[in-house]
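Novice: Sequence:
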Amino acid sequence: MIRIAIAEDEPSYAKQLQGYIQDFSRESGLAVEVTSYSDGDELVESYKAQFDIILLDVEMPFLDGMTAAELIRRQDPEVVIIFITNMAQYAIRGYAVDAMDYVLKPVSYFALSQRLSRAIRRMKTRQRHFITVPIKGGALKLDAGELYYLESQGHRLVFHTAGGDHVSAGSMGEWEEKLVPLGFFRSNKGYLLNLEHVDGFQDGCALVKGERLVVSRPRKNAFLEALAGYAGGVSK
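Numbering (our numbering), first residue to last: 82 to 317.
In short, the hints are calculated from the structure, not lab data.
Not one of these hints is a red herring.
Mimicking PhoX-like on lysine-lysine, the simulated pairs with C-alpha atoms at most 25 Å apart in a straight line are: (1) Lys-222 - Lys-259; (2) Lys-222 - Lys-205; (3) Lys-205 - Lys-129; (4) Lys-270 - Lys-217; (5) Lys-290 - Lys-222; (6) Lys-270 - Lys-290; (7) Lys-259 - Lys-217; (8) Lys-290 - Lys-259; (9) Lys-301 - Lys-290; (10) Lys-270 - Lys-301; (11) Lys-259 - Lys-270; (12) Lys-205 - Lys-259; (13) Lys-301 - Lys-259; (14) Lys-129 - Lys-96.
The whole structure should be built from the sequences, with the hints applied where relevant.
Specialist: What follows is the structure, given as structure tokens:
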């Protein structure tokens, strides 16, 4: 069962979205439960991390979608957020709340079904996978999803994670074999990147959590293909 919330203050749009979701459910064969809210404040007040996907209208009279998303993110880092908006530039702010995507009004079934398919694939890729990293004096259990990237520094490896950096011994080749199936990409001899945390590509560098990490020229096309494939969904 996939649980989807809609926060939309215009009843006609809310009804349309509900209809599209039901059509998507029939076509995909996936069981879906939809809950609608007429404003962001209603959603936030009753929120208990009970949804898998949230469709948020950016402009609502009492609590706008961006503010609602910020409040939701404080208690739920996993829910997939998709903004519904009249103007694309509003959705750019969505990066701050890790929004997956946005859909422009008037919403078409094709556009929404694409986003829902991508959201479901993202949910699958976010399933937790733990890795054991040898460190001085013992070992550390890490959630691979919280590993931003692995860096080779001479004879040591640095695991850059959401909880800080961890130094280990070992080879990049060994970890490449383990991590590539989990959505990682070897961008050059020194970096193994988690595609989930790549925010973009600019001037030959992958943008990861504010860092600019070089992608070697021979691997550029393969990297961009891997990134596009990951963004669109690793598995169908």
